[in-house]
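Chains as they are written, first to last, in the numbering used here: chain W, 1 to 241; chain R, 242 to 441.
These are computed hints drawn from the structure, not numbers from a lab. Ideal Cβ positions, reconstructed from N, Cα and C, are used throughout, including at glycine. Each hint should be verified, as a subset may be incorrect.
Said to hold, decoys possible - So these bits of chain R aren't anywhere near chain W, every CB distance computed over 10 Å:
id: 1; residue: Gly295
id: 2; residue: Cys299
id: 3; residue: Glu305
id: 4; residue: Ala311
id: 5; residue: Leu325
id: 6; residue: Gly332
id: 7; residue: Arg376
id: 8; residue: Lys389
id: 9; residue: Ala393
id: 10; residue: Val421
id: 11; residue: Gly430
What the hints assert, rightly or not - Below, a sample of chain W positions facing chain R; criterion: calculated Cβ distance under 7 Å:
id: 12; residue: Ser67
id: 13; residue: Ala71
id: 14; residue: Asn127
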Amino acid sequence: MDTNFPPQPLPDRFEPFPEGIEPAVPIEGYPNTWTHTPAQPLIRRPVTRTEATGPLELWRKLPCDESNLAALGPGRIAQGQLMHMSGRILDEEGRPVRGAVVELWQANAAGRYYHPIDQRDAPLDPNFVGNGRVRTDEGGRYAFFTIKPGAYPVPVKDTWWRPPHVHFSILGPSSLSRLVTQMYFPGDPMNEWDRILQSIPDAAAQQRLIARQTHPAEVGDGWIAFTHDIVLRGRYATPEA
Amino acid sequence: MDLLAPSSQHTIGPFFPRTFFSDGDNDLTRLHAGAEPTRRGETILLRGRVTKEGGFPCINMILEAWQADAEGRFNHPQDPEQHLADPDFLGWGRAWTDAEGRYEFRTLVPGGYDDLAGRRAPHINLSVMGAGLMRRVLAALYFPDFAKANAADPLLKLVPEGRRHKIVAVPDGKEEGLRVFRFDIHLRGNVEEETPFFED
């Protein structure tokens, strides 16, 4: 794999999140948000070098070679709707973020995670673990082969459901551009009932977490296809000449 | 130029895959598990517990560390001395908490450095993510060895004076010949209990 990209300017300006974009907490029906969220005011600080920088060679620690979640090995195809998931990682100025580490994880087609904490009474798929990690290319692009995840009920007293969703963790060029988020599927009525998605106050910001379905022919006709761009924080103090 | 709005944060949830972790992820002294440790700086063990309201432990929280090398440099273009940064030090590591809320990193005592905002005392940035945290929580820890530098640190000075001691790690003996530091993170409590956190 090509691991070195030509030098490029990196974002050095980080503004607070615009209003309405960050989730409103705590969330009714999500008890952990009431016991974990800091109660004291957060301390505003200037951005110094330690906040503006981040690990640029993270691929040396985190292998970025797992893009096919749909097959555990030859003949071991996961159950569910085979799905191609791709998009771009951009900064706030729309420039591609090259070499970003993109981690994706999700439930199986029955809505169960391959995780010891998930003890729900839904089948595990022996051919599906459900996590992958890649690096973006020069155009900031990432792509995974996977399956469409199932929905699942949240095990709290008054049960509510998570719609099908995909988790993303992105490590960009700065510790302030670090992002953990989730992606949803277009047209699913469950999106409007999801307390996590609905915790984002701004309707347009919610919509930006919903992927776009593209024609399967674009990815070879063997898979349904979704595309989803993700924007990391970061601007440029000095415009490029 | 039209700016794009950053994507919203969401919780990392309870199911961040354990299969994402490899040996050595919480060891900052090595580039990766198979690499030789860097020969610069003092290796230490950093340990602590993550607790929620009421002091109960938080299981399966994800912690990410980011820090300068032993001489206070970052291998990043925004460090004017990037060319002098330790080539065997990435500055980043990741750990998760067990059923008692415990985490551990093996790392180096970072160096301080001059910044436009003032001279930064040696410190380690920690991001905490987990179920119930819709946004990541940002902490920074300092070392008791550098009381004078701490007192002048432009960011530590922003923390109300009575709370500053809460983000100075506590010496906790020696193990394998290495100094051990303890840094507990109390996510939510009254002003005496809660760890001071910074805005994202």
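Hints and how they fare:
Annotated as non-interface, Gly295 (chain R) brings its C-beta within 10 Å of a C-beta of chain W; the closest such distance is 7 Å. A cut-off of 10 Å between C-beta atoms contradicts the statement that Cys299 (chain R) is not in contact with chain W; the least separation is 7 Å. Not every C-beta of chain W lies more than 10 Å from that of Glu305 (chain R), the closest at about 7 Å, which undercuts listing it as non-interface. The claim that Ala311 (chain R) is not at the interface with chain W holds, since no C-beta of that chain comes within 10 Å of its own (minimum 15 Å).
The beta carbon of Leu325 (chain R) sits about 14 Å from the closest Cβ of chain W, which is more than 10 Å, so the claim that it is off the interface holds. The Cβ of Gly332 (chain R) does not lie farther than 10 Å from every Cβ of chain W; its closest approach is about 6 Å, which violates its non-interface assignment. Residue placement check: Arg376 (chain R) does not keep its beta carbon more than 10 Å from all beta carbons of chain W (closest about 6 Å). Distance to chain W confirms Lys389 (chain R) as a non-interface residue, since its nearest Cβ pair spans about 19 Å, more than 10 Å.
Every CB of chain W is more than 10 Å from the CB of Ala393 (chain R) (nearest about 13 Å), matching its label as outside the interface. Interface exclusion of Val421 (chain R) from chain W stands, the closest Cβ pair being 23 Å apart, more than 10 Å. Residue-level check failed: Gly430 (chain R) sits 7 Å from the nearest beta carbon of chain W, not beyond 10 Å. About 14 Å separates the beta-carbon of Ser67 (chain W) from the nearest beta-carbon of chain R, more than 7 Å, and the hint is not met.
The interface hint given for Ala71 (chain W) is violated, since its Cβ lies 16 Å from the closest Cβ of chain R, which is over the 7 Å cut-off. Taking 7 Å as the C-beta contact cut-off toward chain R, the hint placing Asn127 (chain W) at the interface is violated, the least distance being around 15 Å.
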